[in-house]
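Participant: Chains A and B are the protein sequences, given in the same order. Per numbering that gives the first Met the number 0, residue 0 is the first one in the first sequence, and the count goes up by one each step. Per numbering that gives the first Met the number 0, residue 0 is the first one in the second sequence, and the count goes up by one each step.
It is worth saying that the hints were derived from the structure and are not from the lab. Certain hints may be false.
Said to hold, decoys possible - With the C-beta cut set under 8 Å, the calculated list includes, among others, these residues of chain A facing chain B: (1) A84; (2) C92; (3) D204.
To be verified - From the derived model, a few chain A residues whose C-beta atoms are all more than 12 Å from chain B: (4) K123; (5) F154; (6) C175; (7) N177; (8) K208; (9) S228.
As the list claims (entries may be wrong) - With a Cα cut of at most 27 Å, we get these calculated DSSO-like pairs of lysine-lysine: (10) K123/A - K141/A; (11) K85/A - K62/B; (12) K75/A - K1/B.
C-beta atoms are modelled at their ideal positions from N, C-alpha and C, and glycine is treated no differently.
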Amino acid sequence: MAKKSRPKAAAKKIIKKKVASPKKKTSPAKASGDVFSSLLELLRRTSAELPDDIQKVILEALSREEKNTTAEYALKIIQDNIALAKKKSQPLCQDTGTVLFFISHPANFDQIKFADTARKAIVKATELGYLRQNSVNSVTGKSEPSNLGPGHPTFHFHQHKSANVEVRVMLKGGGCENVGIQYSLPYGPIEAGRDMAGVRKVILDGVVKAQGQGCGPGVLGICIGGDRSSGYLESKEQLLRKLDDTNPDKALHELETDIVASCNRLMIGPMGFGGKTTLLGCKICSQQRVPASFFVSISYMCWAYRRQGIVLGKNGAISKWLY
Amino acid sequence: MKTLTYPFTQAMVRELHVGDMVNITGKLFTGRDSVHKYLHEGNPSPVNLRNQIIYHCGPVVLKDKKTGKYRVVAAGPTTSIREEPFQWQVIRDHGIVGVIGKGGMGPKTLKACQEYGCVYFHAIGGAAQVLAERIKSVDGVYLEQFGSPEAIWELTVEDFPVVVTMDAHGNSLHQQVLDTSQAKLKELIGQGH
Ligand code: SF4
Chain A
0 MAKKSRPKAA AKKIIKKKVA SPKKKTSPAK ASGDVFSSLL ELLRRTSAEL
50 PDDIQKVILE ALSREEKNTT AEYALKIIQD NIALAKKKSQ PLCQDTGTVL
100 FFISHPANFD QIKFADTARK AIVKATELGY LRQNSVNSVT GKSEPSNLGP
150 GHPTFHFHQH KSANVEVRVM LKGGGCENVG IQYSLPYGPI EAGRDMAGVR
200 KVILDGVVKA QGQGCGPGVL GICIGGDRSS GYLESKEQLL RKLDDTNPDK
250 ALHELETDIV ASCNRLMIGP MGFGGKTTLL GCKICSQQRV PASFFVSISY
300 MCWAYRRQGI VLGKNGAISK WLY
Chain B
0 MKTLTYPFTQ AMVRELHVGD MVNITGKLFT GRDSVHKYLH EGNPSPVNLR
50 NQIIYHCGPV VLKDKKTGKY RVVAAGPTTS IREEPFQWQV IRDHGIVGVI
100 GKGGMGPKTL KACQEYGCVY FHAIGGAAQV LAERIKSVDG VYLEQFGSPE
150 AIWELTVEDF PVVVTMDAHG NSLHQQVLDT SQAKLKELIG QGH
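Generate the whole structure from the sequences, applying the supplied hints.
Facilitator: Quick look at the structure:
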């Protein structure tokens, strides 16, 4: 169980400020009001419904592509798939991914109890088909029917000052996880040095390398600095930010904007068919580094960007949706 | 939009070109890692694949307890490049005229497509629900000993949406997009790189 102090403060604040009013959704989980049912409903909704901020950029991408092109065609099918999965309450993509929990909680929160309940919710969600059996023993190659096992799911607990318990979940598919990449600067092949220009070069290089794989158009979560493990974790946490937020760090905000615009000039397009939309978004944070290391860690998220979050009320019921 | 309707022939796929958007109606056979390795090792196919299309897919198939009928609940494409070492030989020896997958394949497959008359169709990655809806029936299963996702499932599809990204004329959209994007990258990150 990974324990950690506060997450990137900037990202957190943004999320809180810009939470859209959640859609009313009647479900048995809500009525029964216990943590297990709330987490089960969270998993169901994460797997079957794309949050509004993501749907919005996919729609924008669709309107930007030329008519009667393969790019427009791919985005239309993606659009239909989003609607159909929601209607049928079935997984958007058959790869329901690695399940990652990010929990922000006040002091005196029982992490062990929470994790036990979350594991039970995963078993149930798998039985109900919200999640696929997606946990394979790396030594024996055997798939675990319960979907549990060492390292699955992962829990990232953060203590915060608010009295709320916020639970965010991300389903990270294998195809897009495979194209994530960590560069160590300087990086010779494209002469990327240890400065922001070098950072930009390797990010663009990473997107060119990922083309055709990982079901684009996608979103990048990036951490500049940190060590090899903190860099990747922070890069994933960037994917918890809402797509329409603004990075309070001016330099990072400018880099985010530039990366999206530049990548969309690469003409890789949806599915790598060619086209104007290669990236739907880019979120970047930075961490301190030691003088000897300079990592740039890139997590790539496919269009099936499944992340959702809830605030748990006192009785364990869902009191608010976060995306 | 073009249509490709069963029974498929070499002549039909030779008329297709990179960038064509195609709706396939008729029969598909799923086959992924285990099947390709098995055929590559020279084992006979349990079903005649001549003039058929292979789909790189590990579907989620449920069996109705009452009727005993199979139903596909999710059926998106899987990454094709893993079959690159085997695909050319499966095209040559089994006479398949189409491969459906995602991410594209390499030069060996492209050459085989040209020599033996086959095309690579790209399905929309992640569109599990749309694609499952276009599968109308499950007509058979072979090599079930490999496990459900790895078996050969014989499927009937209607208007199954794909894009030709490698044709029988030696063209690969993947290579074209790679070349364009690498050239653009050099521009974006400065002269010479
Ligand atoms: S990369 Fe994403 S959309 Fe593509 S198969 Fe994996 S989880 Fe699904």
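Participant: Run every hint past the structure and note whether it holds.
Facilitator: Going down the list of hints, with the structure as the test:
| no. | hint | verdict |
| --- | --- | --- |
| 1 | A84 | 5 Å, holds |
| 2 | C92 | 4 Å, holds |
| 3 | D204 | 7 Å, holds |
| 4 | K123 | 18 Å, holds |
| 5 | F154 | 26 Å, holds |
| 6 | C175 | 9 Å, violated |
| 7 | N177 | 8 Å, violated |
| 8 | K208 | 10 Å, violated |
| 9 | S228 | 26 Å, holds |
| 10 | K123/A - K141/A | 20 Å, holds |
| 11 | K85/A - K62/B | 23 Å, holds |
| 12 | K75/A - K1/B | 17 Å, holds |
In the structure shown, a violation is registered for the earlier hints numbered 6, 7, 8, in ascending order.
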